[in-house]
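*Asks:* Sequence:
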Amino acid sequence: MKPLKQHTIWGLRGSFILAATGSAVGLGNIWKFPYITGENGGGAFVLMYLLWIAVIGIPIMMAEILMGRRARANPIMATAELCETSGASKGWTVIGWMGALAGLVILSFYTVIAGWTLEYVQSALSGKFAGLTGETSQALFDGLLADNSKMLQWHTIFTLMTVTILALGVTRGLEASVRWMMPLLFVLLLILLGYAMVEGEFVTSLRFMFSFNIEDVSWESALTAMGHSFFTLSLGMGAIMAYGAYMPSTQSVGKTVMLVALLDTLVALVAGVAIFALVFATPGIAVGSGPGLMFVTLPVAFGNMSAGLVIGSVFFVMVMLAAWTSTISLLEPGVAYLNERFGLSRIGASVLLGVIAWLLGLGSVWSFNDWSDKQFLWGKSYFDSMDFIATNIMLPLGGMLIALFVGWKLRDEHLLHELKFESSLLLKVWRPILRYISPVAVLVILINGIFPVLRKVFVE
Numbered sequence: 000m001k002p003l004k005q006h007t008i009w010g011l012r013g014s015f016i017l018a019a020t021g022s023a024v025g026l027g028n029i030w031k032f033p034y035i036t037g038e039n040g041g042g043a044f045v046l047m048y049l050l051w052i053a054v055i056g057i058p059i060m061m062a063e064i065l066m067g068r069r070a071r072a073n074p075i076m077a078t079a080e081l082c083e084t085s086g087a088s089k090g091w092t093v094i095g096w097m098g099a100l101a102g103l104v105i106l107s108f109y110t111v112i113a114g115w116t117l118e119y120v121q122s123a124l125s126g127k128f129a130g131l132t133g134e135t136s137q138a139l140f141d142g143l144l145a146d147n148s149k150m151l152q153w154h155t156i157f158t159l160m161t162v163t164i165l166a167l168g169v170t171r172g173l174e175a176s177v178r179w180m181m182p183l184l185f186v187l188l189l190i191l192l193g194y195a196m197v198e199g200e201f202v203t204s205l206r207f208m209f210s211f212n213i214e215d216v217s218w219e220s221a222l223t224a225m226g227h228s229f230f231t232l233s234l235g236m237g238a239i240m241a242y243g244a245y246m247p248s249t250q251s252v253g254k255t256v257m258l259v260a261l262l263d264t265l266v267a268l269v270a271g272v273a274i275f276a277l278v279f280a281t282p283g284i285a286v287g288s289g290p291g292l293m294f295v296t297l298p299v300a301f302g303n304m305s306a307g308l309v310i311g312s313v314f315f316v317m318v319m320l321a322a323w324t325s326t327i328s329l330l331e332p333g334v335a336y337l338n339e340r341f342g343l344s345r346i347g348a349s350v351l352l353g354v355i356a357w358l359l360g361l362g363s364v365w366s367f368n369d370w371s372d373k374q375f376l377w378g379k380s381y382f383d384s385m386d387f388i389a390t391n392i393m394l395p396l397g398g399m400l401i402a403l404f405v406g407w408k409l410r411d412e413h414l415l416h417e418l419k420f421e422s423s424l425l426l427k428v429w430r431p432i433l434r435y436i437s438p439v440a441v442l443v444i445l446i447n448g449i450f451p452v453l454r455k456v457f458v459e
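In terms of this note's numbering, the sequence shown opens at residue 0 and continues consecutively.
Source of the hints: derived by calculation from the structure; they are not laboratory data.
Treat the hints with care, as some may be off.
Once the Cα atoms are required to be at most 30 Å apart in a straight line, the calculated DSS-like pairs of lysine-lysine come out as [claimed, not checked]:
| hint | residue 1 | residue 2 |
| --- | --- | --- |
| 1 | Lys254 | Lys127 |
| 2 | Lys254 | Lys427 |
| 3 | Lys149 | Lys127 |
Throw the hints in and build the complete structure from the sequences for me.
*Replies:* Take a look at the structure:
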């Protein structure tokens with residue numbers, strides 16, 4: 000499986016940063032991060048999250064980019080090439096296969112959730128948020144989940160949006176799209192922040208997000224912060240490795256990764272501050288309201304504030320963009336593989352994998368209505384089963400293997416060639432962390448993710 004001639008390098012400076020940030024910035028930043036911060040006490044959780052980004056996120060992201068750029072191929076062929084040149088066992092090629100497959104599985108249900116944002120953009124623009132209460136907002140959300148045809152419609156549209164970008168190619172599709180989508184996302188985020196400063200309880204939100212109380216630190220919150228620090232950077236799903244294959248050889252991997260991690264974290268923190276400022280300003284709704292924070296709680300806030308319908312539209316357009324930049328990164332490893340390995344056109348590869356992801360996603364659509372009483376793996380719904388397999392098993396396992404492979408198997412001369420623009424201090428710190436600390440931390444994430452299921456299967 001020798002790679003074909005390298006197809007493309009990012010044409011404009013900063014394209015990799017925008018693409019990688021787009022892959023990292025998704026529903027996890029704007030949806031999950033604020034609500035798990037609310038559930039885990041605010042500032043103490045944020046501090047633990049930042050520490051884990053430094054220990055897990057940055058080292059493994061550097062390793063994944065390095066693999067893609069070194070081989071100049073998609074993740075599947077890149078791992079095969081690197082195994083051959085480093086004399087490592089071919090068994091390590093599971094990294095590429097697992098990443099591409101995980102991306103396809105995640106895409107199948109991610110487009111279902113992302114489709115909700117399209118519905119909520121439409122709801123905000125049509126004035127459905129006006130005067131919402133907690134009960135009516137919950138009823139609005141429940142009505143969406145129960146509407147099989149509407150769920151299928153948005154799932155289909157979001158899949159088509161994703162396939163269209165990838166079919167246009169790396170330069171005209173991926174690169175061109177992130178160069179307008181990511182700046183627009185940042186602008187919309189700043190608009191939301193400015194609105195929160197004027198209309199929300201901004202100071203209260205800052206205190207909540209950044210005040211540190213030692214009693215808020217717990218083993219459970221530390222594990223949650225550890226897990227989110229890994230998943231937020233899109234590690235282990237092949238996307239970063241695929242983007243690394245297009246990265247110019249003159250670009251510093253370390254500086255680029257740190258900038259991506261900084262941007263990703265800033266988006267999460269700014270979104271969190273803005274969201275909590277609006278929540279605190281709305282009587283009767285709680286900051287620790289769980290996954291319903293974005294689709295149930297925030298519409299109440301938007302519907303009861305001045306200019307809230309406009310800002311609600313801005314917010315859900317921003318979330319839609321974040322989801323879109325993530326879905327295109329999920330499909331890219333598979334599309335690149337079919338294009339490079341078999342010579343299939345980008346259009347053909349994108350459509351083929353898009354159809355497969357769409358078909359797999361039908362079960363996730365039905366999980367919220369027609370199949371709501373059906374159980375699949377370990378007593379979970381189809382949606383929860385797919386989510387569990389991909390995010391609790393495949394991604395942590397892939398991330399751990401990437402750390403071990405680059406840390407122990409790649410030759411020193413290969414590493415030094417790819418990292419020739421890095422500081423000597425970074426190199427001295429990075430590889431020991433990658434070898435000894437990052438794999439153990441990701442192993443903890445893996446065990447923590449699968450332990451409840453193992454206990455249910457073997458004990459209960």
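*Asks:* Between Lys254 and Lys127, is the straight-line Cα distance small enough, at 30 Å or below?
*Replies:* Roughly 45 Å separates the two Cα atoms, so the pair is violated.
*Asks:* CA of Lys254 to CA of Lys427, is that 30 Å or under?
*Replies:* The hint holds at about 15 Å.
*Asks:* Is the hinted pair Lys149 and Lys127 satisfied, with a Cα-Cα distance of at most 30 Å?
*Replies:* 16 Å, holds
When held up to the earlier numbered hints, the structure conflicts with hint 1 and nothing else.
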